[in-house]
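J.: Spelled out, the chains give:
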Amino acid sequence: MENRPLEYDYTVAKMFMVTTIVLGIVGMGIGVFIAFELAFPELNTVFGAGLAEYTNFSRLRPLHTDAVAFGFTLSGIFATWYYVGQRVLKVSMAESKFLMFIGKLQFWLYVIGVAAVVVSLFMGITTSKEYAEFEWPIDIAIVVVWVLWGISIFGLIGIRREKSLYISIWYYIATFLGVAMLYLFNNMEIPTMLATSPAGETGIGAWYHSISMYAGTNDALVQWWYGHNAVAFVFTVPIIAMIYYFLPKESGQAIYSYKLSLLSFWGLMFVYLWAGGHHLLYSTVPDWMQTMGSIFSVILILPSWGSAINMLLTMKGEWQQVAASPLIKFMVLASTFYMFSTLEGPIQAIKSVNAIAHFTDWIVGHVHDGTLGWVGFMIIAALYHMAPRVFKRELYSKSLMAAQFWIQTLGIVLYFTSMWIAGITQGMMWRAHDEFGNLAYSFMDTVDVLHPYYTLRGIGGLLYLIGFLMFAYNIYKTMSARPVEESELQNASPMGA
Amino acid sequence: MSINEFAAYGYFFLIVFLVVVTYSYIYHLYKNRKDSSGVDYENYSNMALKDDISDTPVKPISKREEK
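If you read the protein sequences in the order shown, they are chains A and B.
If you use my numbering, the first sequence corresponds to residues 1 to 497, in order.
If you use my numbering, the second sequence corresponds to residues 498 to 564, in order.
Among the clues, some could well be false.
Said to hold, decoys possible - Cross-link-like lysine-lysine pairs, in silico, BS3-like; alpha carbons within 30 Å at most: (1) K547/B / K14/A; (2) K528/B / K316/A; (3) K528/B / K163/A; (4) K556/B / K97/A; (5) K351/A / K528/B; (6) K316/A / K556/B; (7) K163/A / K547/B; (8) K163/A / K556/B; (9) K547/B / K97/A; (10) K316/A / K547/B; (11) K398/A / K556/B; (12) K392/A / K547/B; (13) K477/A / K547/B; (14) K547/B / K129/A; (15) K528/B / K104/A; (16) K547/B / K329/A; (17) K392/A / K556/B.
What the hints assert, rightly or not - Derived contacts from chain B toward chain A, CB cut-off under 7 Å, selection only: (18) V513; (19) V517; (20) T519; (21) Y541; (22) S542; (23) K547; (24) I558.
As the list claims (entries may be wrong) - What the simulated footprint calls covered on chain A by chain B, stretch by stretch (three residues with Cβ under 8 Å from a Cβ of chain B suffice, anywhere in the stretch; the number is not a length): (25) 158-169; (26) 245-257; (27) 266-272; (28) 441-452.
In case anyone wonders, no lab produced these hints; they're calculated from the structure.
Fair warning: this is a prediction, and the values are worked out from it, not measured in the lab.
For glycine and all other residues, C-beta sits at the position ideal for the given N, C-alpha and C.
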């Protein structure tokens, strides 16, 4: 064993690849189901009235959002970290038994945390804060998982051979620090068992139940500072980390401008944290804060497009690769969707636009062209690039991958176009009134009009899910059915027919 | 000066300070091809492109390990 040359050790990366795929299927599957529930309400009780508690939209919706954000996406972030981190720091996990132990511990605690989240949310146990529904015992477990990840990051950096930190590492560090700060502050909560009511009762409520330390408008502000920056530090920052590594690597092209990547990094860090106020336009938060949220959202276009343009220009003179490789197609479309949703978001954050867009399906559409187009595609591409290297096998099927790309792209287009139309229709109908100020439409009128778009959205989501199942199958067959690659893989990933 | 007023002034000057730092950094990047250790910024892309464990680091952690 001593005489074997040193190799990167992908054990932990492989473990997280499995949870990425499994939790992706779970989260997207629930998403498709609840999309159809909105179009066909009878699905809420499809498994019988007795089970309706577990199958209705409101019980399943947080399971969908948390499974895709903190299951699929976080697993993808961890999997790529345990792959990219070693490679750009030029140090193997095999060199440190301690870091290997921490990595595995992080994985298994994460799996236990996910199980606790799934069970508690199915049971209806929730703090009722969006994307922060977990009660305090689970919060503590999540903090432990996060600290372990931090030890992994800084431990690996500590034993590195490459002195400089590649731009992706900056983004992974920012993810770690950003989420740590956001999560701690938004989840400041007091278990009700420690409280005493004015009447003198103690030990109120279940042992796991807690309430937020903040009240009213303050709670809303902290919640959306968290909520929006969860988008920043889970759906944006680590995904940029991935594309800055995987696109140059797969295409063999150096980043178009490394300097621009540094500049956009600091730009993004500087601006993103102020934009959360746009979730609270026309609410009880101070007017200046709403305006600040709008302005910073618009400024956010600059650093976002800085990264996205940098990625597209990396392919300069190499566009034949986009035509030839479905793997590169995923990444180029991901950065295109990144540009698209980082333009759409600021537009929605402008106060006059928000007057129509707020609370409508257009917002849901916006989230999904970011998550399906940018986050989903980039994680899929990253795993496709990693698979031949971690399993030392050629990818199972290029044509299956190409078919998946087109099916999922069609799914995304159906999703966001239907939600645009639905959202703007909804917004206009809610506002319409006659000359005396009487509302022109009832809520049910809007529901009738939106039905076809909800159906289309469900079909779009279903196509994306079908594509994801093809991805899972392709990776599974790569693991099990392809010949072993002997030579070290450089750039383009080898693919079977 | 009340604590709120103090916080407001502090906040304002912090923002001005951060803006100055950010723009100085932008200017620095615009002006210089190499960073303070003499490495061309664009060479750092090779940290990803040449990332086999046996590849030579762009900037090794110490001279000793370079050999």
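J.: If a hint holds in the structure, say so; if it does not, say that too.
T.: Hint-by-hint comparison with the structure:
Restraint check for K547/B and K14/A: the C-alpha separation of about 22 Å stays at or below 30 Å, so the hint holds. The straight-line distance between the Cα atoms of K528/B and K316/A is roughly 24 Å, inside the 30 Å bound, and the hint therefore holds. A distance of roughly 24 Å separates the Cα atoms of K528/B and K163/A; the hinted pair therefore holds under the 30 Å criterion. For the proposed pair K556/B and K97/A, the alpha carbon gap of about 26 Å is at most 30 Å, so the pair holds.
For the given pair, K351/A sits about 38 Å from K528/B by alpha-carbon distance, which is inconsistent with the 30 Å threshold. Distance hint between K316/A and K556/B is fulfilled; the C-alpha atoms sit about 27 Å from each other, no more than 30 Å. Between the alpha carbons of K163/A and K547/B the distance comes to roughly 14 Å, so the proposed pair stays at or under 30 Å and holds. Under the criterion of a C-alpha separation no larger than 30 Å, the hint pairing K163/A with K556/B is consistent with the structure, at around 5 Å.
About 26 Å separates the Cα atoms of K547/B and K97/A, which keeps this hinted pair within 30 Å; it holds. Distance restraint check for K316/A and K547/B: the Cα-Cα separation of roughly 20 Å lies within the 30 Å cut-off, and the hinted pair is therefore satisfied. A hinted pair counts as satisfied when its Cα atoms are at most 30 Å apart, and K398/A with K556/B does not qualify at roughly 37 Å. Between the alpha carbons of K392/A and K547/B the distance comes to roughly 19 Å, so the proposed pair stays at or under 30 Å and holds.
Distance check on the hinted pair: K477/A and K547/B sit about 29 Å apart at the alpha-carbon level, within 30 Å; holds. Of the pairs offered as hints, the one joining K547/B and K129/A is violated, with about 45 Å between alpha carbons and a cut-off of 30 Å exceeded. Only pairs whose Cα atoms come within 30 Å are accepted, and K528/B paired with K104/A is rejected, the gap being roughly 45 Å. A C-alpha spacing of about 23 Å is found between K547/B and K329/A, which places the hinted pair at or below 30 Å, so the restraint holds.
A distance of roughly 29 Å separates the Cα atoms of K392/A and K556/B; the hinted pair therefore holds under the 30 Å criterion. Violation of the interface hint for V513/B is found here, the shortest Cβ-Cβ separation to chain A being roughly 13 Å, above the 7 Å cut-off. A distance limit of 7 Å between C-beta atoms decides the matter here; for V517/B the minimum to chain A is near 12 Å, and the interface restraint is violated. Because the closest C-beta pair between T519/B and chain A is about 6 Å apart, less than 7 Å, the hint holds.
Hint status for Y541/B: holds, given a least beta-carbon distance of 5 Å to chain A, under 7 Å. Nearest Cβ of chain A to the Cβ of S542/B: about 4 Å, under the 7 Å cut. The hint holds. Using the Cβ-Cβ criterion of 7 Å, the hint placing K547/B at the interface with chain A is not satisfied: the shortest such distance is roughly 9 Å. Evaluation of the I558/B hint against chain A yields a held restraint, the C-beta minimum of about 5 Å falling below 7 Å.
For the segment 158-169 of chain A, the stated coverage by chain B is satisfied: 8 residues place a CB nearer than 8 Å to a CB of that chain, which reaches the threshold of 3. By the rule of at least three residues with a Cβ nearer than 8 Å to a Cβ of chain B, the coverage given for the segment 245-257 of chain A holds, with 7 such residues. Counting residues of the segment 266-272 of chain A whose beta carbon lies closer than 8 Å to any beta carbon of chain B gives 3, which reaches the threshold of three, so the coverage claim holds. For the segment 441-452 of chain A, the stated coverage by chain B is not satisfied: 0 residues place a CB nearer than 8 Å to a CB of that chain, which falls below the threshold of 3.
Of the hints listed earlier, those the structure fails to meet are numbers 5, 11, 14, 15, 18, 19, 23 and 28, in rising order.
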